[in-house]
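Q: Please model the entire structure based on the sequences and the hints provided.
Sequences listed follow chains A and B, in order.
Heads up: the first sequence begins at 1 in my numbering, then just goes up one per residue.
Heads up: the second sequence begins at 1 in my numbering, then just goes up one per residue.
No incorrect hints appear here.
Chain A side only, calculated, beta carbon under 7 Å to chain B, not exhaustive: (1) TYR2; (2) TYR5; (3) LEU6; (4) ILE7; (5) CYS22; (6) ASP30; (7) ALA38.
Below, in silico cross-link-like pairs of lysine to aspartate or glutamate (EDC-like), each with a Cα-Cα straight-line distance of 20 Å or less: (8) LYS58/B / ASP8/A; (9) LYS58/B / GLU36/A; (10) LYS9/A / GLU55/B; (11) LYS62/B / GLU36/A; (12) LYS336/A / ASP287/A; (13) LYS126/A / GLU55/B; (14) LYS62/B / GLU37/A.
Hints are computed from structural coordinates only; laboratory data are not their basis.
Every residue, glycine too, gets a C-beta built ideally from N, C-alpha and C.
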Amino acid sequence: MYRGYLIDKGLIGTDSHLKAGCPSCHRGDDRAATREEAHKGMVKRPSDNIATCAACHKQISANYAKSLHYTTIGQRNGVIKRMSAEEVKQFDAKVFEQSCRSCHASCGGCHVKAPPVAGIGIGLIKGHKFVKRDEGKTCAFCHGGRVYTEYTGEYGGRADVHYQKGKMCVDCHSKEEMHGDGNLYLSKNDVKTRPACRNCHKLGKETKLTARLSHRNHQGKVSCYGCHSAGEYRNCSDCHVETHSHAKPGFSLGLSPREKKTLTTLRLIPTIRDTFKSAGIKMERYDALPNYWDTPAHNIRKRTARTRSCDVCHVEGKDFLTKEKLIKNGSKANEKLIVKPKPLNR
Amino acid sequence: MVRRRNAYGCSREWCVMTKKSCVFLWSLFAVLLVFPLSSPFAAASGCVSCHTNPELLKSLYKPPVIAAGAGEG
Numbered sequence: 001m002y003r004g005y006l007i008d009k010g011l012i013g014t015d016s017h018l019k020a021g022c023p024s025c026h027r028g029d030d031r032a033a034t035r036e037e038a039h040k041g042m043v044k045r046p047s048d049n050i051a052t053c054a055a056c057h058k059q060i061s062a063n064y065a066k067s068l069h070y071t072t073i074g075q076r077n078g079v080i081k082r083m084s085a086e087e088v089k090q091f092d093a094k095v096f097e098q099s100c101r102s103c104h105a106s107c108g109g110c111h112v113k114a115p116p117v118a119g120i121g122i123g124l125i126k127g128h129k130f131v132k133r134d135e136g137k138t139c140a141f142c143h144g145g146r147v148y149t150e151y152t153g154e155y156g157g158r159a160d161v162h163y164q165k166g167k168m169c170v171d172c173h174s175k176e177e178m179h180g181d182g183n184l185y186l187s188k189n190d191v192k193t194r195p196a197c198r199n200c201h202k203l204g205k206e207t208k209l210t211a212r213l214s215h216r217n218h219q220g221k222v223s224c225y226g227c228h229s230a231g232e233y234r235n236c237s238d239c240h241v242e243t244h245s246h247a248k249p250g251f252s253l254g255l256s257p258r259e260k261k262t263l264t265t266l267r268l269i270p271t272i273r274d275t276f277k278s279a280g281i282k283m284e285r286y287d288a289l290p291n292y293w294d295t296p297a298h299n300i301r302k303r304t305a306r307t308r309s310c311d312v313c314h315v316e317g318k319d320f321l322t323k324e325k326l327i328k329n330g331s332k333a334n335e336k337l338i339v340k341p342k343p344l345n346r
Numbered sequence: 001m002v003r004r005r006n007a008y009g010c011s012r013e014w015c016v017m018t019k020k021s022c023v024f025l026w027s028l029f030a031v032l033l034v035f036p037l038s039s040p041f042a043a044a045s046g047c048v049s050c051h052t053n054p055e056l057l058k059s060l061y062k063p064p065v066i067a068a069g070a071g072e073g
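A: Pasting the structure below:
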């Protein structure tokens, strides 16, 4: 799309970022006579080097350099536990920098130009305007495979109630969470500023007695998603480094693999036994982690089949992960996530 | 020699100087109005002249070759 490179004339002279001239960030030669000469030495994505933005936005840039969006260390941390020490070294050298790290978000990836995904991109946001937020063109491009489409209902299910009420990503995921708080986290679950349902929905403030009782009875045993996820969400069934991946809708309830206590929504993750085979990594400790992870499904509804009737879980055991439902040739750790719903005392 | 002064107590020479300054300032203002400070950059920048021209960019653009299966998952 040529429009991806088109600058809005009206911004020149009004947007302070553009006042210093294009070469101040992009290098190249704006006085050259030919296109080739002009683009010689040009930097396509200046904010890949955080120092570019740090010249003015010092504190945010310093924090951002340690944030998960920039380090993408969460992706590494999520998989290296399946590997031996030697394999981790191989992973870092052959896979992490070339593959995972190529997905890191730069400042411009959210504020200037939507990141291209698999060669497809929409280019500059609003003609090179430096926008504060435009989730549909930024968050959605990287998180559009699962979360964003679930949230908007584009994946086929029901849209998240928060989306229907007009809330977008940044309304819950604060700028402090996006930019980082200066701490180097290994996983998104460690981030202190990540959103939680209870930040807005306080326990004991429910208007209906049934809701209040239900929340009290399930507190600490079932996650909010466990009951309020509206239905099927995207599950990636396999993922190879260079060949293909498949996805299909699904909904599973089981124990959170993190603490094995809370019943929650589980999502099939893409890593399979031979995911890194082409990189020469067998994953010697593959069975150390399950193939299902607790997922904050972004298709929240106030009323779902599980909030309407206790029987859906406690009698029918609907959508609970069972031995029969587990993926074939999966991790041995999968079985530890299976839980049987407790019968009701009537 | 007695210098003539107006009602505000200013000399004739002072008034002439002030008038000249006014004319100069108004001229400067008019020049800046026509050629704003940012315009020298806009006019001189080769980047801007091409990247604000949709017809030119359209003629130069080559769509990327996307591998089969890219974007899935």
